[in-house]
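A.B. asks: For reference, the chains in residue letters:
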Amino acid sequence: MTNPGATTPAVLLRIRDLRTYFVTEQGATARAVDGVSFDVGAGETLGLVGESGCGKTVTSLSILRLIPEPPGYIRPGSLIELDGRNLLTLPPRELRGIRGREIAMIFQDPAASLNPVLRVGDQVAEPALVHLGLSRAAARARAVEMLELVGVPDAAARADDYPHQLSGGLQQRAMIAMALICRPRVLIADEPTTALDVTIQAQILELLDRLQRQLGMAVLLITHDLGLVAEHADRIAVMYAGQLVETAPAPALFARPQHPYTEGLLASIPRLDRPRARLHAIAGQVPAATAWPAGCRFHPRCPYAWERCAREEPPLLDAGPGQAARCWLVAEPARRSTRPPSPVPRPLS
Amino acid sequence: MTAPLLEVEALVKHYPAGRRFLGLGRPRHVVRAVDGVSFAIARGRTLALVGESGCGKTTVARIILRLADPTAGRVRFDGVDLLALDAARLRAARRRLQMVFQDPYGSLNPRMRVRAALREPLEIHGLVAPGERDARVATLLKEVGLAPSLAACFPHELSGGQRQRVGIARALSVEPELLVCDEPVSALDVSVQAQVLNLLADLRDRRGLTYLFIAHDLAVVRHIADDVAVMYLGRIVEQAPAATLYGGPRHPYTVALLSAVPLPDPAVRRRRIIPLGEPPSPAHPPTGCPFHPRCPHPRKSDRCRSEAPALRELAPGHRAACHFAEEPM
Amino acid sequence: MTLGAWLAPLTLVVLAVLAATVTRRLAERRPAGRRFFRHPPAEAGVGILVFFVALAVAAPLVTPYHPDRQLDIVGLQHAAPSWAHPLGTDLYSRDVWSRLAFGARISLAIGALATLVAVTLGTLVGVAAGYARRLDAVLMRLVDVGLAMPRLFILLVIVALWDQLPLPVLILAIGLTTWFATSRLVRAEVLRLRELAFVEAARAAGAGAVRVVLRHVLPNAVAPVVVSVAVGVGNVLLLEAGLSFLGIGVRPPTPSWGNMIADGAHHVTTAPWATVFPGLAIALVVMASTALGDALRDAFDPRPEAP
Numbered sequence: 001m002t003n004p005g006a007t008t009p010a011v012l013l014r015i016r017d018l019r020t021y022f023v024t025e026q027g028a029t030a031r032a033v034d035g036v037s038f039d040v041g042a043g044e045t046l047g048l049v050g051e052s053g054c055g056k057t058v059t060s061l062s063i064l065r066l067i068p069e070p071p072g073y074i075r076p077g078s079l080i081e082l083d084g085r086n087l088l089t090l091p092p093r094e095l096r097g098i099r100g101r102e103i104a105m106i107f108q109d110p111a112a113s114l115n116p117v118l119r120v121g122d123q124v125a126e127p128a129l130v131h132l133g134l135s136r137a138a139a140r141a142r143a144v145e146m147l148e149l150v151g152v153p154d155a156a157a158r159a160d161d162y163p164h165q166l167s168g169g170l171q172q173r174a175m176i177a178m179a180l181i182c183r184p185r186v187l188i189a190d191e192p193t194t195a196l197d198v199t200i201q202a203q204i205l206e207l208l209d210r211l212q213r214q215l216g217m218a219v220l221l222i223t224h225d226l227g228l229v230a231e232h233a234d235r236i237a238v239m240y241a242g243q244l245v246e247t248a249p250a251p252a253l254f255a256r257p258q259h260p261y262t263e264g265l266l267a268s269i270p271r272l273d274r275p276r277a278r279l280h281a282i283a284g285q286v287p288a289a290t291a292w293p294a295g296c297r298f299h300p301r302c303p304y305a306w307e308r309c310a311r312e313e314p315p316l317l318d319a320g321p322g323q324a325a326r327c328w329l330v331a332e333p334a335r336r337s338t339r340p341p342s343p344v345p346r347p348l349s
Numbered sequence: 001m002t003a004p005l006l007e008v009e010a011l012v013k014h015y016p017a018g019r020r021f022l023g024l025g026r027p028r029h030v031v032r033a034v035d036g037v038s039f040a041i042a043r044g045r046t047l048a049l050v051g052e053s054g055c056g057k058t059t060v061a062r063i064i065l066r067l068a069d070p071t072a073g074r075v076r077f078d079g080v081d082l083l084a085l086d087a088a089r090l091r092a093a094r095r096r097l098q099m100v101f102q103d104p105y106g107s108l109n110p111r112m113r114v115r116a117a118l119r120e121p122l123e124i125h126g127l128v129a130p131g132e133r134d135a136r137v138a139t140l141l142k143e144v145g146l147a148p149s150l151a152a153c154f155p156h157e158l159s160g161g162q163r164q165r166v167g168i169a170r171a172l173s174v175e176p177e178l179l180v181c182d183e184p185v186s187a188l189d190v191s192v193q194a195q196v197l198n199l200l201a202d203l204r205d206r207r208g209l210t211y212l213f214i215a216h217d218l219a220v221v222r223h224i225a226d227d228v229a230v231m232y233l234g235r236i237v238e239q240a241p242a243a244t245l246y247g248g249p250r251h252p253y254t255v256a257l258l259s260a261v262p263l264p265d266p267a268v269r270r271r272r273i274i275p276l277g278e279p280p281s282p283a284h285p286p287t288g289c290p291f292h293p294r295c296p297h298p299r300k301s302d303r304c305r306s307e308a309p310a311l312r313e314l315a316p317g318h319r320a321a322c323h324f325a326e327e328p329m
Numbered sequence: 001m002t003l004g005a006w007l008a009p010l011t012l013v014v015l016a017v018l019a020a021t022v023t024r025r026l027a028e029r030r031p032a033g034r035r036f037f038r039h040p041p042a043e044a045g046v047g048i049l050v051f052f053v054a055l056a057v058a059a060p061l062v063t064p065y066h067p068d069r070q071l072d073i074v075g076l077q078h079a080a081p082s083w084a085h086p087l088g089t090d091l092y093s094r095d096v097w098s099r100l101a102f103g104a105r106i107s108l109a110i111g112a113l114a115t116l117v118a119v120t121l122g123t124l125v126g127v128a129a130g131y132a133r134r135l136d137a138v139l140m141r142l143v144d145v146g147l148a149m150p151r152l153f154i155l156l157v158i159v160a161l162w163d164q165l166p167l168p169v170l171i172l173a174i175g176l177t178t179w180f181a182t183s184r185l186v187r188a189e190v191l192r193l194r195e196l197a198f199v200e201a202a203r204a205a206g207a208g209a210v211r212v213v214l215r216h217v218l219p220n221a222v223a224p225v226v227v228s229v230a231v232g233v234g235n236v237l238l239l240e241a242g243l244s245f246l247g248i249g250v251r252p253p254t255p256s257w258g259n260m261i262a263d264g265a266h267h268v269t270t271a272p273w274a275t276v277f278p279g280l281a282i283a284l285v286v287m288a289s290t291a292l293g294d295a296l297r298d299a300f301d302p303r304p305e306a307p
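Residue numbers (the numbering used here), protein chains in the order written: chain A, 1 to 349; chain B, 1 to 329; chain C, 1 to 307.
In isolation and in its complexed conformation, chain A is listed as follows (with noise of 0.2 angstroms):
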């Protein structure tokens, strides 16, 4: 299997082996992500993509282990590593301490993760009062510091303001500051842009690409969105149905895209700078995590699919330089015709 890290320096973040399921209450397992590797590598961005119910955003929470246990639980054989320490093993003291200090969170919707009635200096300083044993007036001046940074105006006078007098963008901009305040080495971004307004969302990650030289940090970006992964991530994974399906450095996964599922993907974005043409459709719709089809995962949808398809799983298979797909086309090429797939969405049912 291609070791993803292999050309980067300095990985921060391993993953291998991830398995997060979940009991149902009618006793079935709903096998949300179900064998994910990948490594991050400091001052690198690794862009994770997938549509709703692909796993994406277990993900994230099962490195800091915020998945409620139960339902869920992350199985043993799975490998979470910071800077070589394993943190499924520590101790929840030690894992307190790595949370919002050496791995930092920030998630989709600002206004949801703010506390509405706590003043947003007093939040914004808060991992640094917890982590850094800096008093009440230092952590506070470090507050200010830090909403200066993210680019709030006025940011003294800002940190008085309670979160519903901030605007979306300004939020959000709190909860960066907030994440990073104890200058973290990891920092995972949980689609931070989807709730906020197109230019808005441009100046967020601007503020996440600078921010991320200047400190240094391994950048995990989850994100539905294949334009931002495009302008904001050095290398891209795409998981479907709680796997991996394709991990490329950027360039080479828009050039020349391996799995059938991105394809699909990027064929299905309306685009400004192509012609105006029918959108492709991927057929199908996602299945439900406790019934993943057999074989590959993404066969009852896939243009492509041919017997093996239905009946062995492939493993991620190698593509080229950093690039590996869970295809059985990357081992068969010539049944990669040169027919686009077809752009008919079959009835659903």
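Quick caveat, the hints were computed from the structure, so don't treat them as lab data.
Virtual Cβ for every residue (Gly too), placed ideally from N, Cα, C.
Hints are supplied without guarantee of correctness; some may be wrong.
[Claimed, not checked] From the structure, some residues in chain A lie toward chain B, with a derived Cβ separation under 10 angstroms:
#1 129
#2 130
#3 132
#4 133
#5 134
#6 232
#7 254
#8 267
Fit chains B and C to the given chain A structure using the hints.
C.D. replies: Below, chains B and C alone, put in the same frame as chain A:
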């Protein structure tokens, strides 16, 4: 030229905000959600109304469907003033214009099966004999690409894309002429989005519908719109046929919006034009041009601060509200 | 009491347990049923209610004595529980068990009917206030007045004005003074529902206010109504107990759990069984109805799925 199917004239919607003590006296501020919007849609054309949150586009849609009443202005549908209609005539008019809602999870009554939801408009308007309604439901489901067996399902048993299709089927059940689509694909995944957009385009071509398509995603809009109107803070700042708008935008906000859309192609490096600062609140709009505090145009001047530019015609069908529209960025 | 007479109440207990188990078995098949029984007390609640309702219905069949019959004024006054009188006798040497059974009829009837009146009225007012903006201010001021008034005193006044207060009037009076909290809850739910997209969609399709309320708003506003019923039954039972304790509730010799407690109140230390058993009955029914209310609310809630 034939009369347009939908005509909106000088639409204004102000909300009072900041009530004074005990409600005495005028409210402290007025939220100018819609501040003078006019446009027309010819039969069979698709006009997209784009803008970011708070620009007023959804309010415009709700006023057109008389789910809200405007403070001023007129809405004419096929020559008939919708705002002057009484309840009975309004109900009849509602057959001809329908809406597809944004939220596939909230736009269907969780306690009603799909069949009941699709029958309801038929019952309200007395269409189709009662015995034939189930057959009509099955036809509608097939038309939007769903299996007729889904009629017995509850909304929570369907996926987001399926629910949205049911919403479209419900809108089509009364055979409308105009469909107002309020962000119909924003809440859907990319691959599902493509399916639903294709469906909307097919339905339009097959049934000869007219669309008012409301969205914030310019890339999505490009695939379905004939004309595009860009809104900012309750006003239209630019309107043009789609090709012209995407090829040669004149208003700085349009330019900024277009450049902010992330392109799924790392090989393309573009000059990013990002508006400065935060969007202002509709309760305290800036003086003069509403965009001037954030405008990155090199020719921005005092005139922009003091004088609000009028929406003027630069070329046939292309209007923009900028003092320097002749010198685009 | 003969062995045969013991069999009857035992049958009731068995019946209750059976009912609870069977209901659970049947309900497990549907997701709403599973949600209902996820609460551990739900099954017990069903059993308890079935027991008391069956007791009330079959009272003459399961009790060996007439509830008003004074068996032996001298010898059996406040006799402790024994084989012949499983729950003892009260101040007037009447069999407590028989009075409990017949009292169940009265108390449960008052509880159910008064709650029905209260919840119906509260829902109507709540829906009207929530949906019709113009009525809202007026109706809510009325509710404010209602919530502020001292219910017990009002009922006292009503009883004082009436010579021999018939039971239906008592039920009506309790119902008419208990609906205010329900209306607030329902109004809040209606206000929330009114803004939802599917309500707008119905209006956009041309639905009139009546249809929107009946088909879209009300069916989704079930949760607060159900909770009101559950809590209401408990409250009414307690209220009736209080009224009877004050002597203005159900008139003797008709037994109700409330006036049984009143009768035995002065002798709690010497003959606790006369008050403890009816008190226990009230407590059990209140707990059961609350548990069922919680469970029903969960069962009615079709969970919104996260995208």
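A.B. asks: Hint by hint, say whether it matches the structure.
C.D. replies: Against the structure, the hints:
At about 28 angstroms, the closest approach between the beta carbon of residue 129(A) and any beta carbon in chain B exceeds 10 angstroms, and the interface hint on this residue is violated. For residue 130(A), the shortest C-beta to C-beta distance to chain B is roughly 30 angstroms, which exceeds 10 angstroms, and the interface hint is violated. This hint is violated: residue 132(A) has a C-beta 30 angstroms from the nearest C-beta of chain B, more than the 10 angstroms allowed. Hint status for residue 133(A): violated, given a least beta-carbon distance of 35 angstroms to chain B, over 10 angstroms.
A least Cβ separation of about 30 angstroms between residue 134(A) and chain B goes past the 10 angstroms threshold, and the interface hint is therefore violated. Annotation: residue 232(A) was flagged as interfacial toward chain B, and the flag holds, the nearest CB pair being 8 angstroms apart, inside 10 angstroms. Evaluation of the residue 254(A) hint against chain B yields a held restraint, the C-beta minimum of about 5 angstroms falling below 10 angstroms. A least Cβ separation of about 8 angstroms between residue 267(A) and chain B falls short of the 10 angstroms threshold, and the interface hint therefore holds.
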